[in-house]
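> Chains as they are written, first to last, in numbering that gives the first Met the number 0: chain G, 0 to 310; chain Z, 0 to 73.
These are calculated hints, taken from the structure and not from any lab test.
Since the structure is predicted, the reported quantities are computational estimates derived from the model, not experimental observations.
Possibly wrong hints are sitting among the right ones.
[As the list claims (entries may be wrong)] Some chain G residues near chain Z, calculated using beta-carbon distances under 8 angstroms:
{"id": "1", "residue": "Arg123"}
{"id": "2", "residue": "Ala154"}
{"id": "3", "residue": "His181"}
{"id": "4", "residue": "His204"}
{"id": "5", "residue": "Val215"}
{"id": "6", "residue": "Ser221"}
{"id": "7", "residue": "Arg222"}
{"id": "8", "residue": "Gly224"}
{"id": "9", "residue": "Asp278"}
{"id": "10", "residue": "Trp280"}
[What the hints assert, rightly or not] Facing chain G, a subset of chain Z residues (Cβ under 7 angstroms, in silico):
{"id": "11", "residue": "Met0"}
{"id": "12", "residue": "Glu1"}
{"id": "13", "residue": "Pro2"}
{"id": "14", "residue": "Pro5"}
{"id": "15", "residue": "Gln26"}
{"id": "16", "residue": "Leu29"}
{"id": "17", "residue": "Leu56"}
{"id": "18", "residue": "Tyr60"}
Ideal Cβ placement from N, Cα and C applies to all residues, glycine included.
So the chains spell out like this:
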Amino acid sequence: MGEGPMSNVTATPTVKVIREGDTSKPNAFTIVIVSNPALETPWHSGTFAVDSITNNEANFDGCVAYINESLFGDLPGQAETFLADPTIGPYIRLVSLFVDGLPAQDANALVAQDDVSNIAVARRTVFAPFLARFELSADIAYAVTASATHTRASAWFMSDDDAQGGVPFTLNGVSLVHRYHHLIPGTVALPVTSTSLTALHELGHALSSYTNGMVVDLYVDSREGLNNRQGRPIPHDFATYNGEAIVADPSRDSLGYPVGWQSYHCSLLDPANPAVMDDYWKAKGGPEACRHDAITRRFLADRLRAKISRY
Amino acid sequence: MEPLKPETVKDLLDRPHVAPADVEEYQRLLAERFTVDPDAAMAPALKAAAQERETRLKELYQKLFADRTPVRKR
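Extracted from the complex, chain G is given alone in its bound form (with noise of 0.2 angstroms):
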């Protein structure tokens, strides 16, 4: 693991490589960590206050290592591992950047809190110029806070460059792309005291795009995304990607589908747990027994390995 100070601001950042990646490349897929200087109080209000997060490196630290731990699978008992495939894990670089003493101002607020939840939400566009600054760049973006009141973690989707190249695929007969280049970075406010699969959950959103598959969340009637369609009766085929039928799941197996949803789900690689893109606090095993369903994974792992062979 490498580290050291920065020297081209003010502040005093300290810059941790806890996944090396691809260093054949000068632009490998990069997920960054980012302690979050300053909260927008409430979102949209254009006040901010310092994030107590940038007065905390241990517990900074400690998240970091969490949503390490929860993203290549090593929590106890952590049945998705989907990014330790050998053939994608080794190709993630990982880096952590604590900073402190930066005025809370809008360039440097990762974070809002939210005004009709206790979300912390994402300032997506800020992320990237945010670490330009510490010639950093990310495909996918976490902010870690320590808001008092808002620990609920949420995520938005990439926005792809669509202009670019990538490796296209089809759904449901729709010509799609896995796009090498974004736009904006998907991007997270992940509270610090966030546990379980809820990094992994979230980045789930954040690889997922707004123009080329969608990876909506399953515990609500959603939309339709890539993980979910609506219509009843639920068909026998939920979706066919790449040209090969992939089985819907009739049942939502262990929860059940409410009544009145028009939402149904994939079939499910371990049928007697959640996906963990659903309710995976409900899980029998415990969340961190569940998996993605079959075509949120074969998507997922499709996008990454797309992104991890860009030059």
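Got chain G; can you put chain Z on it based on the hints?
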């Protein structure tokens, strides 16, 4: 978006003025917010729907969380 913890859902449903449909709608609208590119949501075609969603979320938030004291149903 992280699912609500079961104890939070139970706390909400123990309130006599909260119906399961309120919690369901609140959760659904919050999740829906993140499925719309925030930049695209400012386009005229989507802006009205986004504003309507946020207005409804405010109403539901007031109903669900205005009084945080748990009240058990009899």
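> Flag every earlier hint the structure violates by its number, smallest first.
As far as the earlier hints go, only 3 is violated by this structure.
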